[in-house]
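Enquirer: This is what each chain is made of:
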Amino acid sequence: MNKFDNIKKLIVKDQLKLDCGKTISDFPIAYETYGKLNPKRDNAILVFHALTGDQFATGLNPVTKKDGWWNYALGKGKAIDTDKYFVICANVLGGCMGSFGPSSINSETRKPYGNDFPVITINDMVNAQYFLLKYFEIEKLFCVTGGSMGGMQVLQFVANYPNASQTAIPIACTSNHSAQNIGLNELGRQAIMADVNWKNGKYEETNSSPNKGLSVARMAAHITYLSKKALQEKFGRKLQERDDLKFSFDADFQIESYLRHQGSVFVDRFDANSYLYITRAMDYFDLNKKFDGNLSKAFETSKTKFFIISFTSDWLYPSSENKEIVIALNSIGADVGYVEIESDKGHDSFLLNVPDFLQALGNFLNKSYERLNEKRI
Amino acid sequence: MKKEFKIIADLIEKKSRVLDVGSGDGELMSFILNNISEDVRGIEISKSNVQKCISKGLTVIEGDAEKDLFQFPDSSFDFVVLSQTLQAFLNPEKVLDELLRVGKKAIVTIPNFGHWKVRLNLLFKGTMPITKTLPHKWYNTPNLHMCTIKDFYNFCDNKGIKFIKSLALNKERVLNISKNNLDTRNFFSDLGIFLIEN
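Line by line, the protein sequences are chains P and S. Numbering (this note's numbering) for the first sequence: 1 to 377. Numbering (this note's numbering) for the second sequence: 378 to 575.
In case anyone wonders, no lab produced these hints; they're calculated from the structure. C-beta atoms are modelled at their ideal positions from N, C-alpha and C, and glycine is treated no differently. Check the hints yourself; a few may be wrong.
[Unchecked claim] If the Cβ cut is set under 8 angstroms, some of the chain P residues that face chain S in the computed set are:
1. Val326
2. Ile327
3. Asn330
4. Gly337
5. Lys367
6. Arg371
Can you make the complete structure from the sequences, with help from the hints?
Expert: Put into structure tokens, the structure is as follows:
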């Protein structure tokens, strides 16, 4: 009956205390796996998705019928080689691809939670996904990785479980959301809440959806994922299927038409309330504050080998913020490598075909795995 | 591997913690990792070299030795290596101080501008010397602060830096440098290799 009926789910029976103070239990975490767990159970990689991603990281997404968000990086013979590694990816808590989120049905009211869903954090997301390790009987992961909000989860994961992963690769992320980040997210949230169809978060009860607002939120966010140069080169001032300006508010420019398209396809696959909750989780993320203003403390007891990757044209989570994580790790003598990849594709670089990035990612994983196995012999 | 790297590697104690500043394509780091110590890190400014290091399984951070050494705590490495790059920094004295702060010991190598060929080159040709260790033209050289073995020796001496080992490399020959033979070594050697500490 439900489009999520045929996807894999772990029903977490344990209690999970959320940062907001509420406790949840008996909740679903939807996940997907790629590759095979080897007999030594030492080749597992936990991939965390970004704001609008889901558990279908590669191949065809069975729900949206679109390619997975990390198709370039993940798969057979790719940087994260599923012939070698067992990859687990879960839909985050608060998400809308089968995990416990605002569109889940509240058993007490028999209606979707809507904005009665508890406000969740990156910490809550990570703790919820940690149950998957127990489920798969994995004592120690080989790697945790992810870009953007996925990178934040990587940092939080190592802080929470210092020795649950051999390696960690946070990509294009930050240890705390800046005022600019929060401002941009607030813009998206206000667009959704200003839509008359949002109905105080209870739109699902009336089978409506704040598509206009969610679409505007996506349009604004999409601009932040690209660089000025990439936009200029792709669109410039090119006109959309017309020879001259029309002196109207139609999409005269290609960039307008492109963004409208991005907005409209997004609402087909994403839930507006999930967008509110997940952006809020990102805004609340501040690993520095959690450790008394000293990010190094988050990783003090960890032996995890870090590899941090940023992109030259990413202005959403710029290299300077990624470097702060490197500095925090170096100041406690942690094992950390860092590379800034030259790319004009902006924040989205980690999702795209950027050969230098994919090469660094693959080499780091494969060499680290070889080395771990050599050591054991 | 080049002779210089073999000499440097011989100066590093087994299982010590090493930082290679300006690790290039990772040749020295690889040798150290496989033969001397697993605990070796690098810092390298060139993106393509960082990629090469990653492909060799080396732990390298992309960065500028002139700006990025601050993040390492005092004495956090047993050995810090700087091979033939001190002369390329805007402020070599500051970098040298940082090397000796971060490392308990530092190994610094200097291409010798005092070699007789360099001297003759300038004396007779009247143009900026070009040799095997100094292959650039005056207008494209990265070397902002060229010095001689004698310059570096005296500089460290005046700063109160202690020499644990001072070696001169002349083609394949390795000789000790001391105060007494400084002028001779400065005249005949291609490279100075110094193991120093504060």
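Enquirer: Take the shortest C-beta to C-beta distance between Gly337 (chain P) and chain S; is it under 8 angstroms?
Expert: holds (5 angstroms)
Enquirer: Close enough to count: is the Cβ of Val326 (chain P) nearer than 8 angstroms to one in chain S?
Expert: Since chain S brings a Cβ to about 6 angstroms from Val326 (chain P), closer than 8 angstroms, the hint holds.
Enquirer: Using 8 angstroms as the Cβ threshold, decide whether Asn330 (chain P) counts as touching chain S.
Expert: This interface hint holds because 4 angstroms falls under the 8 angstroms limit.
Enquirer: Report holds or violated for the interface hint on Arg371 (chain P), using the least CB-CB distance to chain S and a cut-off of 8 angstroms.
Expert: holds (6 angstroms)
Enquirer: Given Lys367 (chain P) as an interface hint, is its Cβ closer than 8 angstroms to any Cβ of chain S?
Expert: This interface hint holds because 3 angstroms falls under the 8 angstroms limit.
Enquirer: Does Ile327 (chain P) pass the interface check with chain S, least Cβ-Cβ distance below 8 angstroms?
Expert: holds (4 angstroms)
When held up to the earlier numbered hints, the structure conflicts with none and fits them all.
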